[in-house]
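> Okay, here's what each chain looks like letter by letter:
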Amino acid sequence: MDELDLLKKDWNKEKEESKLSAKDIYPMLLKKSSSIVKTLFYISIAELIFWTLVNVLPFFLSETYRTQLDHVYTNKTILALLNFFSYAVILLFIYLLYKSYKSISVTDNAKKLMESIIKTRKITKYYVLYNLVVAFLAMVVGLYFGIQQNPDISNKLAQAGSTETFIIYASIVSFTAIFIVLLWLFYRLIYGLLLKRLNRNYKELKKLEF
Amino acid sequence: MNKELEHSFVELLEKHQNIVHKVCRLYTNNYDAHNDLFQEITIQLWKAYPKFRGDSKFSTWMYRVGLNTAITLYRKSKRTIKTQDYEGVAFKIKSEDYDDTEEQQLKVLYKAVHQLNDIEKALVFLYLEDKDYREISETLGISEVNARVKMNRIKKKLKTILNP
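Quick mapping for you: the protein sequence lines, in order, are chains F and V. The numbering used here puts the first residue of the first sequence at 911, with every later residue one more than the last. The numbering used here puts the first residue of the second sequence at 63, with every later residue one more than the last.
Hints are computed from structural coordinates only; laboratory data are not their basis. Hints should not be assumed to be uniformly reliable.
In silico DMTMM-like links for lysine to aspartate or glutamate, alpha-carbon gap of 25 Å or less [stated by the list, open to error]:
1) 919/F <-> 68/V
2) 169/V <-> 206/V
3) 948/F <-> 1114/F
4) 193/V <-> 94/V
5) 119/V <-> 920/F
6) 217/V <-> 913/F
7) 1117/F <-> 182/V
8) 923/F <-> 206/V
9) 919/F <-> 164/V
10) 84/V <-> 957/F
11) 219/V <-> 206/V
12) 929/F <-> 68/V
13) 929/F <-> 94/V
From the derived model, a few chain F residues whose C-beta atoms are all more than 12 Å from chain V [to be verified]:
14) 916
15) 986
16) 999
17) 1009
18) 1017
19) 1067
20) 1089
For glycine and all other residues, C-beta sits at the position ideal for the given N, C-alpha and C.
Pulled out of the complex, with its shape left as it was, chain F reads as follows (with noise of 0.2 Å):
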């Protein structure tokens, strides 16, 4: 006889001791649930959250910052415009974010649940990946600007050789470029911790395709 066979006449036995009365479910129903849909929502929120926050209140908080982005871009229809992209591409990603989560299904068969919450995990990559880039830009174009304008700065530039005129600038792109890496290695460490498992059974759930 099979294994299987052999364990399937004992399967369907109740096992009274687990068994449950209506008394001990009711209670269960008012828990929150602690699935990694919770928690990846918890976590894309939170970003959304501190990527607009780290965007917009340098804006409002700081007089000198304004100042600043007003000397910089002598032209307002380009900062208008750069407003209005960032301000775009914030409302961009919540609505994806929300059609997606909307798009989780615990009822949907195993693979397509696993797509869906893989898809919502990308788009709260691409997020991140999106503000990642534009804080290394504006790091690197703040610093440049910075150094332009202090003049003691510029003046003790202006006197050093290209060489080393080179390395400053290749310095400060350097340093730049390892903090963003590491900022992204670290949401890709949360990331993978939070979804080691799906990753693996999507993996296996995948390799029976071929």
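Starting from the structure of chain F, add chain V where the hints point.
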């Protein structure tokens, strides 16, 4: 959500709870983890219940939600890792274990099934529930042929685990 809906749900779950217990038994290895998973499956079933249209059997619908929660949604709690196995000992199969009484054989078989990966367990679960390959393939999102091939491989794998 209204009381009537809540009442009908609890009544159905109470009646079919064995399905959820069986999923938990397969995917966890201690009492606390079993209860944790049972709780999470109950929440997922309850959340999805308003959309349950009754065009499939409640039990069939439970298979899908239960397995999806166990394979994909459930985040293992810390105590799942820290607490001891049901048996209280690390699991090791010796070949001489497997030719004793039927009870002993069952014990070893359950342990062997526990060694399978999450997807293999899902296939075994549906097989033990007497589901045909069409339903197995629909629940997991794989083709019927692949479900059949995989099931045969699992049977072979179990044989190897049981008779090393």
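> For each hint, tell me whether it holds in the structure or not.
Each hint tested on the structure:
1. 919/F <-> 68/V: violated, 34 Å
2. 169/V <-> 206/V: Violated, because 30 Å separates the two Cα atoms, which is more than 25 Å.
3. 948/F <-> 1114/F: holds, 24 Å
4. 193/V <-> 94/V: violated, 29 Å
5. 119/V <-> 920/F: holds, 23 Å
6. 217/V <-> 913/F: holds, 8 Å
7. 1117/F <-> 182/V: holds, 12 Å
8. 923/F <-> 206/V: Roughly 28 Å separates the two Cα atoms, so the pair is violated.
9. 919/F <-> 164/V: Holds, because 11 Å separates the two Cα atoms, which is no more than 25 Å.
10. 84/V <-> 957/F: violated, 38 Å
11. 219/V <-> 206/V: holds, 20 Å
12. 929/F <-> 68/V: Judged against 25 Å, a Cα distance of about 19 Å means the pair holds.
13. 929/F <-> 94/V: Answer holds: residue 929/F to residue 94/V is near 15 Å, not above 25 Å.
14. 916: violated, 6 Å
15. 986: Non-interface label on residue 986/F holds, nearest chain V Cβ at 49 Å vs cutoff 12 Å.
16. 999: holds, 30 Å
17. 1009: Given that every Cβ of chain V is farther than 12 Å from that of residue 1009/F, nearest at about 18 Å, it holds.
18. 1017: violated, 6 Å
19. 1067: Given that every Cβ of chain V is farther than 12 Å from that of residue 1067/F, nearest at about 53 Å, it holds.
20. 1089: holds, 31 Å
Of the numbered hints listed earlier, those contradicted by the structure are 1, 2, 4, 8, 10, 14 and 18.
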